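For the sequence shown, the working numbering gives the first residue as 467, with consecutive numbering after it.
Since the hints were made in silico from the structure, they are not lab data. Just so we're clear, the structure is a prediction, and the values are computed from it rather than from any experiment. We put the beta carbon where it would ideally sit given N, CA and C, even for glycine. One or more hints might be untrue.
[Claimed, not checked] Each pair of labels, with its calculated beta carbon distance range:
1. 589 / 568: 14 to 22 Å
2. 555 / 528: 26 to 34 Å
3. 556 / 592: 48 to 56 Å
4. 531 / 615: 55 to 63 Å
5. 571 / 527: 28 to 36 Å
6. 558 / 603: 46 to 54 Å
7. 609 / 540: 44 to 52 Å
8. 571 / 516: 39 to 47 Å
9. 564 / 603: 41 to 49 Å
10. 528 / 580: 27 to 35 Å
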Amino acid sequence: QQGCNWNWSWPNYDQQPRRTYYNNQRTGQQCNFDLPRFFRNLGETVTRVFRCTTKISSLFFLIFMFQLLVPSFLVKMVVFAALASVVGLHMPTLLAGAIMYTGVNMFVHVMLQPVILPALLFLAVHKTVVRGEPLVDRNFWLTRLEDLKRVVADIRAM
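Produce the complete structure using the sequences and hints provided.
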């Protein structure tokens with residue numbers, strides 16, 4: 467059967483002949499559970515469910531793969547352009563601004579991050595190991611904060 471049968475219902479067990487199994491051969495206790503028929507019906511049900519959801523699941527899979535494979539800045543630019551066009555803003559100016567923002571953002575995060583972090587690590591190690599000073603000088607910062615408190619108090623007094 468091709469396609470999706472949306473008028474599906476559970477199979478009618480009363481129309482099918484039942485096999486009789488015995489749990490205990492000595493006492494003859496009867497069990498009306500038909501294991502092969504159960505697995506056959508379970509397989510048919512699972513097949514129907516997957517047949518009905520193949521298109522939807524493949525669409526979600528394609529969207530998920532698109533999100534993983536495409537760089538995030540392209541997705542952000544497409545969403546930004548769609549929202550800006552809905553609002554009715556001037557598209558060339560907005561796209562130029564978005565491209566400039568993406569370029570600066572990429573430069574800061576991609577190009578400078580591998581340079582700034584090792585430089586800060588080098589300076590911290592040099593200050594603590596070579597010069598033998600603490601990484602944060604508490605007295606220096608306390609005097610700076612006191613100076614800041616005085617400046618703020620002078621501004622409020624005006």
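Each hint tested on the structure:
1. 589 / 568: 14 to 22 Å: 30 Å, violated
2. 555 / 528: 26 to 34 Å: 30 Å, holds
3. 556 / 592: 48 to 56 Å: Between residue 556 and residue 592, where Cβ atoms are some 51 Å apart, the hint holds.
4. 531 / 615: 55 to 63 Å: 56 Å, holds
5. 571 / 527: 28 to 36 Å: Holds: the Cβ-Cβ distance is about 30 Å, inside 28 to 36 Å.
6. 558 / 603: 46 to 54 Å: 52 Å, holds
7. 609 / 540: 44 to 52 Å: Taking Cβ atoms as reference, residue 609 and residue 540 lie about 50 Å apart, which means the hint holds.
8. 571 / 516: 39 to 47 Å: For residue 571 and residue 516 the Cβ distance comes to about 42 Å; the hint holds.
9. 564 / 603: 41 to 49 Å: 43 Å, holds
10. 528 / 580: 27 to 35 Å: Roughly 34 Å apart at Cβ, these two residues keep to the hinted range, so it holds.
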